[in-house]
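Given the structure of chain E, go ahead and fit chain F onto it with the hints provided.
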Amino acid sequence: MAIEVRIPTILRSYTGGAKVVEGVGETLGDLLIDLDGKFSGLRGRLITDEGALHRFVNIYVNDEDVRFLGSLDAKLSDGDTVTILPAVAGGALGFAAAAAIIQHGTAAAPVAGR
Amino acid sequence: MARYESLLDACGGTPLVGLPRLSPVVPEGAPPVRLWAKLEDRNPTGSVKDRAALFMVRAAEEAGQLRPGDTILEPTSGNTGIALAMVAKLRGYRLVCVMPENVSSERVQLLRMYGAEIIFSPAAGGSNQAVATAKQIAAEHPDWVMLFQYGNEANARAHYETTAPELLRDLPTITHFVAGLGTTGTLMGTGRYLREKVEGIQIIAAEPRYGELVYGLRNIDEGYVPELYDANVLTRRFSVGTRDAVLRTRQLVEVEGLFVGFSTGAVLHAALAVAHEAVKAGRRADVAFLVADGGWKYLSTGAYGGTLADAEEALEGQLWA
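Those protein sequences? They're chains E and F, same order as listed. For the first sequence, our numbering begins at 1 and goes up steadily by one. For the second sequence, our numbering begins at 1 and goes up steadily by one.
Same shape as in the complex, but just chain E (with noise of 0.2 Å):
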């Protein structure tokens, strides 16, 4: 059972380059495992110690969030193709803006937070 799994830019120093690669595994943990078999490290990118997904990382199969099908214990069939990409909120600025206010503290945002 062959699955596509397409790779980041900043997660292909793991896989030699490869912008997508193969792996197999009846749910996406058993497919991590696997391609960690390969590509020794990414699944230590992916998973926290505590073995969740990682915050800042999505992944998708078939272009839906795993989040909302069971997680690492999503259901994966032959030709299913699961994605990586790491959190950007609207977009690269938005993101830049996040962080730096994050960064600056409260003092110049007054009326952020919950």
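It should be emphasised that the hints constitute simulated quantities derived from the structure, not laboratory data. Yeah, the Cβ is synthetic: ideal placement off N, Cα and C, and Gly gets one too. Be aware that a few hints might be false.
To be verified - Covered stretches of chain E, as calculated for chain F (at least 3 residues, CB under 8 Å): (1) 47-60; (2) 65-71; (3) 80-88.
As the list claims (entries may be wrong) - Far from chain E, by Cβ distances over 10 Å, these chain F residues were calculated: (4) P31; (5) L234; (6) K297.
Relative to chain E, chain F alone:
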């Protein structure tokens, strides 16, 4: 009623229009599956962001954080900047926008026309440089007010108090709400309200999947999830690529005469996916989706004409939503 005391009072109250030609055909005798578009391009500056800008400014005024003559700093080149520029002008504030120097000239012209001042951050430095520039400006001007749409509850509240009640009033039989995911304000506010009022409603996010350049972070740990985001509000979340977004954007104008920005194409793609699932399952569905803005500001990308491959190439590396 179509008469208002001022432009600010004309914010919201946008039309919800049916899309009979794009709605999927159901088998004879099967329950109807219908698509509806909420036309947020009919707001004063032409985008859904007018609602958030107005609510964020009002909240800051009520909290005593913003007084006439104050300066608002917003790092945005998009619709929020344009919406804030209009609100700032009418409410007596100065607006400073920080944006990369490689944004389209129509945005710069539009912001300047509304009276906003612009500080450019070098394009070459990418997001890291923009971080540095924004940080520096904020540090030099501690008295400037940053509304911070990604974490400002008034952003989501604008939709809880206005967008969502309008939708429910106009479409009491709503079964799905689909919108784009950026600051997450639209989906969080509208989603929360509809979940409280409509049993079994599905709240669906369509997230633009950009070209690779946009994801060029150095490290996963440099990623960002908006403070407003609560995954519990959503039922499903789709990632939509540039090609599908362009295809649907063109389809909307060709089939239904709606000229929209590319983010709406991504939203329609997700809306059609759930609509076709409903047809397959033989379920009734009233799928309402949000048109965030019109296509005018994106004409210079050239992505409305030519082949899909040309359009995809034209949008590579751009923040099309």
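Each hint tested on the structure:
1. Counting residues of the segment 47-60 of chain E whose C-beta lies closer than 8 Å to any C-beta of chain F gives 6; at least three are required, and the coverage claim holds.
2. With 3 residues bearing a CB less than 8 Å from a CB of chain F, the segment 65-71 of chain E meets the requirement of three and the coverage assertion stands.
3. Counting residues of the segment 80-88 of chain E whose C-beta lies closer than 8 Å to any C-beta of chain F gives 5; at least three are required, and the coverage claim holds.
4. No beta-carbon of chain E is positioned within 10 Å of the beta-carbon of P31/F; the least distance is around 24 Å.
5. A Cβ of chain E approaches the Cβ of L234/F within 10 Å, the least distance being about 7 Å, so the stated non-interface status is violated.
6. No beta-carbon of chain E is positioned within 10 Å of the beta-carbon of K297/F; the least distance is around 14 Å.
Consistency note: the structure conflicts with earlier hint 5 alone.
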